[in-house]
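Chains A and B supply the protein sequences, listed in that same order.
For the first sequence, my numbering assigns the number 1 to the initial residue and increments by one for each residue that follows.
For the second sequence, my numbering assigns the number 1 to the initial residue and increments by one for each residue that follows.
What the hints contain is simulated information worked out from the structure, not anything from laboratory work.
Pairs count within a copy or across copies, as identical chains cannot be separated in the list.
Taking lysine to aspartate or glutamate and the EDC-like style, the derived pairs with C-alpha atoms no more than 20 Å apart in a straight line are:
#1 K36 to E121
#2 K47 to D33
#3 K132 to E171
Here is how the chains run, residue by residue.
Protein chains: 2
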Amino acid sequence: MITVYGDPISGNCYKLTLILALTGRQHRWVDIDVVKGEARSAEFLLKNPNGRVPLVAFEDGTFLAESNAALFFFAQNSRYWPTDSRIQAEVLQWMFFEQYSHEPFIATSRFWIRFLQARQEYARQLAAAQPKGYAALDVMEGQLNRTPWLVGNDTSIADIALFAYTHRAHEGDFSLASYPAIRDWIERLQRLPDFVAMPA
Amino acid sequence: MITVYGDPISGNCYKLTLILALTGRQHRWVDIDVVKGEARSAEFLLKNPNGRVPLVAFEDGTFLAESNAALFFFAQNSRYWPTDSRIQAEVLQWMFFEQYSHEPFIATSRFWIRFLQARQEYARQLAAAQPKGYAALDVMEGQLNRTPWLVGNDTSIADIALFAYTHRAHEGDFSLASYPAIRDWIERLQRLPDFVAMPA
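Chain A with its partners taken away, still in its complex shape (with noise of 0.2 Å):
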């Protein structure tokens, strides 16, 4: 069996066990508390030397790190990963955005106010964060407003990748008040068969 090191407030941890569960599959979990720096001890950085969690660990001994990495080789052969590659390639670049324009401001912001309790000392950050994480925002929705999902009319771990910080935007002060395509999208999937929800 298979064993993620994750920590549960996470979102990016949060992706594997939703991919987990909406494709079945058995799993062992380790508690990896980031906030205390489990993630960068000397025992973890010989798992993971980018110091990081999601961690996969597999029964041959070998890791994988990156949640969305995770996502893709989870997905294989399930309705979440597309046979075409040219879409296989725009789920991916949903996953890029993900990390790249999205998760560095909406899931940080989060992280500072709910997890480190810093609003103060984050100050400068979060403000610089806002018109990012908006923009961010903005592009799910013009897409949403098209598409059902964020690639057309089947759910991917595109739309896995983004649910995890997007529904929980307003722990960093996000709201989604003015993103209702993206609200009926977080709805939508919550709905999916074997959905689990994220730890409050």
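Given the coordinates of chain A, work out where chain B should sit on it, guided by the hints.
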């Protein structure tokens, strides 16, 4: 024939030049000047609502954004994309690492220094980027001490993605002096058949 909208100074755009050369594909190139804001013009935003280059335009009128998604697409059925899905996931692991843990520090520093020529204005951000950029180089050096390419014994788009900004790290004030494995890997990549250099 496909069209690439790109800025010749951008490492993300150079990734496409390189994979298209390595896989022997013709393409048309349209210059977009990032420093002049051409990627955020109203006309360009109709093509890529995220306002970034590179952007690929296909003959059927569709577009593909995100350099690493384009690398994935153009590497299909070539030696640069492995066939086993576990190995494919490892290639993507490095490509997500590139966009999240490497590019925001090493490429961005180069952009502030060389293209905006704003070393003083960005002094604080440049200082903050130093330890994070070197941390990314440390992770690469560790892997390249163990294997000739980032994923085992075969060149892949993980190498192409990370080559783009790593071989120009000095332009962002990152020295490769204490990274002999990275320096060897750069030379190895430059010897690939049909390699083309990034514009000076």
